[in-house]
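Asker: Order-wise, the sequence lines are chains A and B.
Just so you know, we're using my numbering here: the first sequence kicks off at 2 and counts up by one.
Just so you know, we're using my numbering here: the second sequence kicks off at 43 and counts up by one.
Just so you know, the hints here were simulated from the structure itself, not pulled from any lab data.
There could be a bad hint or two in this list.
[Said to hold, decoys possible] Here are the computed lysine to aspartate or glutamate pairs in the DMTMM-like style, where the Cα-Cα straight-line distance is at most 20 Å:
(1) B/K417 to B/D244
(2) B/K318 to B/D244
(3) A/K98 to B/D510
(4) B/K477 to A/E94
(5) B/K477 to B/D494
(6) B/K236 to A/E43
(7) B/K318 to B/E229
(8) B/K503 to B/D461
(9) A/K98 to B/D461
(10) B/K417 to B/E259
(11) B/K236 to A/D15
(12) B/K236 to A/D88
(13) A/K6 to A/E43
(14) A/K5 to A/E43
(15) A/K25 to B/D133
(16) A/K98 to B/E229
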Amino acid sequence: MGNKKILIVDDDPDVRHGMQVRLKANHYDTFFAVDAVSSMSEARKCEPDLIILDLGLPAGDGFIVMERLKQMHSLALIPVIVVSARDVRANQERALKAGVKAFLQKPVDDAELLAVIRKALGEPAKRERPECYDLGSI
Amino acid sequence: MKEKPLQVLVVEDNAGDVRLLREMFSGEKRGRFELTHLLRMSEAEIHLAKGGVDITLLDMGLPDGHGLDTVRRAHAAAPDVPLIILTGLDDEALAAEAMTQGAQDYLIKGQIESRALPRALRHAIERHRMQAETDLIRTQQMQFKDEFLSHVSHELRSPLTAVRQFVTILLDGLAGEIRPEQRQYLEIVLRNVKQLHSMINDLFEVSAVQAGKLRIEPQRTSVSDAIAYTVNTLQEAATAKGITLFSDAECGLPPIYADPARVRQILIILVDNAIKFTPANGTVKVQARILEEDPNLLILEVSDSGCGVSPNMTERIFERLFQASDLVAGRKGLGLGLYICKDLVMRQGGQIWANSAPGQGAIFSATLPIFSLSKLIAPAFRKEQGTGNPITLVVTEMGSQTGWLSDEVRAKQSYSVRDLLQRCLYPDLDVLLPKLSSAGAVELFFIVASTDGIGGAAICKRIREQLDEHIHREGLTLSTSYRLLETVIRNERESMEEFQEKVATNIQKLVNEAISSRGVENGQ
Numbered sequence: 002m003g004n005k006k007i008l009i010v011d012d013d014p015d016v017r018h019g020m021q022v023r024l025k026a027n028h029y030d031t032f033f034a035v036d037a038v039s040s041m042s043e044a045r046k047c048e049p050d051l052i053i054l055d056l057g058l059p060a061g062d063g064f065i066v067m068e069r070l071k072q073m074h075s076l077a078l079i080p081v082i083v084v085s086a087r088d089v090r091a092n093q094e095r096a097l098k099a100g101v102k103a104f105l106q107k108p109v110d111d112a113e114l115l116a117v118i119r120k121a122l123g124e125p126a127k128r129e130r131p132e133c134y135d136l137g138s139i
Numbered sequence: 043m044k045e046k047p048l049q050v051l052v053v054e055d056n057a058g059d060v061r062l063l064r065e066m067f068s069g070e071k072r073g074r075f076e077l078t079h080l081l082r083m084s085e086a087e088i089h090l091a092k093g094g095v096d097i098t099l100l101d102m103g104l105p106d107g108h109g110l111d112t113v114r115r116a117h118a119a120a121p122d123v124p125l126i127i128l129t130g131l132d133d134e135a136l137a138a139e140a141m142t143q144g145a146q147d148y149l150i151k152g153q154i155e156s157r158a159l160p161r162a163l164r165h166a167i168e169r170h171r172m173q174a175e176t177d178l179i180r181t182q183q184m185q186f187k188d189e190f191l192s193h194v195s196h197e198l199r200s201p202l203t204a205v206r207q208f209v210t211i212l213l214d215g216l217a218g219e220i221r222p223e224q225r226q227y228l229e230i231v232l233r234n235v236k237q238l239h240s241m242i243n244d245l246f247e248v249s250a251v252q253a254g255k256l257r258i259e260p261q262r263t264s265v266s267d268a269i270a271y272t273v274n275t276l277q278e279a280a281t282a283k284g285i286t287l288f289s290d291a292e293c294g295l296p297p298i299y300a301d302p303a304r305v306r307q308i309l310i311i312l313v314d315n316a317i318k319f320t321p322a323n324g325t326v327k328v329q330a331r332i333l334e335e336d337p338n339l340l341i342l343e344v345s346d347s348g349c350g351v352s353p354n355m356t357e358r359i360f361e362r363l364f365q366a367s368d369l370v371a372g373r374k375g376l377g378l379g380l381y382i383c384k385d386l387v388m389r390q391g392g393q394i395w396a397n398s399a400p401g402q403g404a405i406f407s408a409t410l411p412i413f414s415l416s417k418l419i420a421p422a423f424r425k426e427q428g429t430g431n432p433i434t435l436v437v438t439e440m441g442s443q444t445g446w447l448s449d450e451v452r453a454k455q456s457y458s459v460r461d462l463l464q465r466c467l468y469p470d471l472d473v474l475l476p477k478l479s480s481a482g483a484v485e486l487f488f489i490v491a492s493t494d495g496i497g498g499a500a501i502c503k504r505i506r507e508q509l510d511e512h513i514h515r516e517g518l519t520l521s522t523s524y525r526l527l528e529t530v531i532r533n534e535r536e537s538m539e540e541f542q543e544k545v546a547t548n549i550q551k552l553v554n555e556a557i558s559s560r561g562v563e564n565g566q
């Protein structure tokens, strides 16, 4: 079975890069988008198994992306995890209502992010900091 | 440019006094002042409310108003209009008191110099204007500062995310092996990143405190759990500094009525603070017990063997941006933790204080109310209804068609369900109990209603209609039922409190039955 595909939508190149390294080490294929528009075209192109979505984006925020995803038949069911610097209180409820699987606030703990990704993808949870073990199998 | 005349309202029932006042203005140029004279407080209130008055001269003895009451009424009718009190010699003390109620000045009748009056009026108006301006600037500054804080803490998060990501990538060897010395240095970076993170959180939190936006959802909460969580979380930080951190809480403490996340937050701030100010080989102890002076309160104590603070500082340390700069060299926080902590404690009905002396350590104490079902259901009892009234327990059950309610759905929906249930109630007669169960296949909501079986059925119908219409279902199952309480007759010798206690016991029994019959964990 091939690796699961994850689309990372974030306008910060360093954050995207950091996630890419971490996800690759855990055997996920990564794809990128930097704003609301490219996230839609990229999602159609790569058909990801999961989307990691920032809320503060150029050309329309993360909530708009979620709405547009919902409107597309082929993309509506892709699980979305929000990773944002925005205030949890003001945004979490709205994001969960919009159907996201989880809301993580930046700076995010990678072990937590991986656990949430596995859960959203329906993969079995690993014990302890799993990325350390993955190292051996690279 | 020609100035508009100042509109002066004179409220005075003594015709002689009014004539004298008018004469004092006769020396002024025409068009500088325009006097309106009214005899009664009720007329003055209407006139003031219409607007256009620049200043009021008010006598405190009117046919329909007397003393400070007239000042309060004038102030209420037009809070922005400056007020000068006219008083007799024998009433000077009262007039001085009026100044604390919003009057700008007072003038003693018979002692007013004719030229001084117009000047006093202009001064009063100017003073009032300056005060209003200062208040406005202050409000704007505070608002700007809060928005700024919120913005800054948001902007700091993204770069911090990247720093943290790459440090952990290096630490986990994802970019190749690292030497022990490199690991040690990276761990120092990570520790500082975490500290920066917690400071940013404090900034966020404090702007929420300022805006009154902190959300607190009180419920039946275990203090022992919160203490265990705190000691667990901060054990590593304490050990790293060579400090012994332990809990010495009494067994079998009653649950408190507070937001569990906020209680953990309070304890984390206090213990973190204690660790910060305690040197190596010191101890930090967390205790909890019922307060001797008031058995309705539980007291949490965090004591340390650190540097302490002088007794005259123990109140100031809870102020915003206070920093113990002269107390300890080295690492400092933002001076926001204790301020946030105080707000959290007070908003949950408690008090917080510190006892300390330099070099003798410090004890931080916070009280929180003990959970009492009987106090919570008090609104459902109508005092005037002597011997008793029917009490009905309405239970709404939220479950999932799959037989399992995931944490996400639970979190997402229970808030909206609570919101809708609240709207189905009469707030002065019915009480939606706080969350009483914690996990399981269903979530239960309890309403104690001051009504009989017919009323109970009506509430159930209202709730079903609301839930059907508004709750986004996503495979949810929702059902509502009611049960009339059996023993609700108040014994003549019983006090209202004793009666409430008895009913509360009954309700608790029913609640427990409902919870255990559905295999739900009791949230104690």
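Asker: Please go over all the hints and tell whether each is borne out by the structure.
Answerer: Each hint tested on the structure:
no.: 1; hint: B/K417 to B/D244; result: violated (34 Å)
no.: 2; hint: B/K318 to B/D244; result: holds (16 Å)
no.: 3; hint: A/K98 to B/D510; result: holds (17 Å)
no.: 4; hint: B/K477 to A/E94; result: holds (18 Å)
no.: 5; hint: B/K477 to B/D494; result: violated (24 Å)
no.: 6; hint: B/K236 to A/E43; result: violated (34 Å)
no.: 7; hint: B/K318 to B/E229; result: holds (19 Å)
no.: 8; hint: B/K503 to B/D461; result: holds (17 Å)
no.: 9; hint: A/K98 to B/D461; result: holds (15 Å)
no.: 10; hint: B/K417 to B/E259; result: holds (17 Å)
no.: 11; hint: B/K236 to A/D15; result: holds (19 Å)
no.: 12; hint: B/K236 to A/D88; result: holds (18 Å)
no.: 13; hint: A/K6 to A/E43; result: holds (12 Å)
no.: 14; hint: A/K5 to A/E43; result: holds (16 Å)
no.: 15; hint: A/K25 to B/D133; result: violated (84 Å)
no.: 16; hint: A/K98 to B/E229; result: violated (38 Å)
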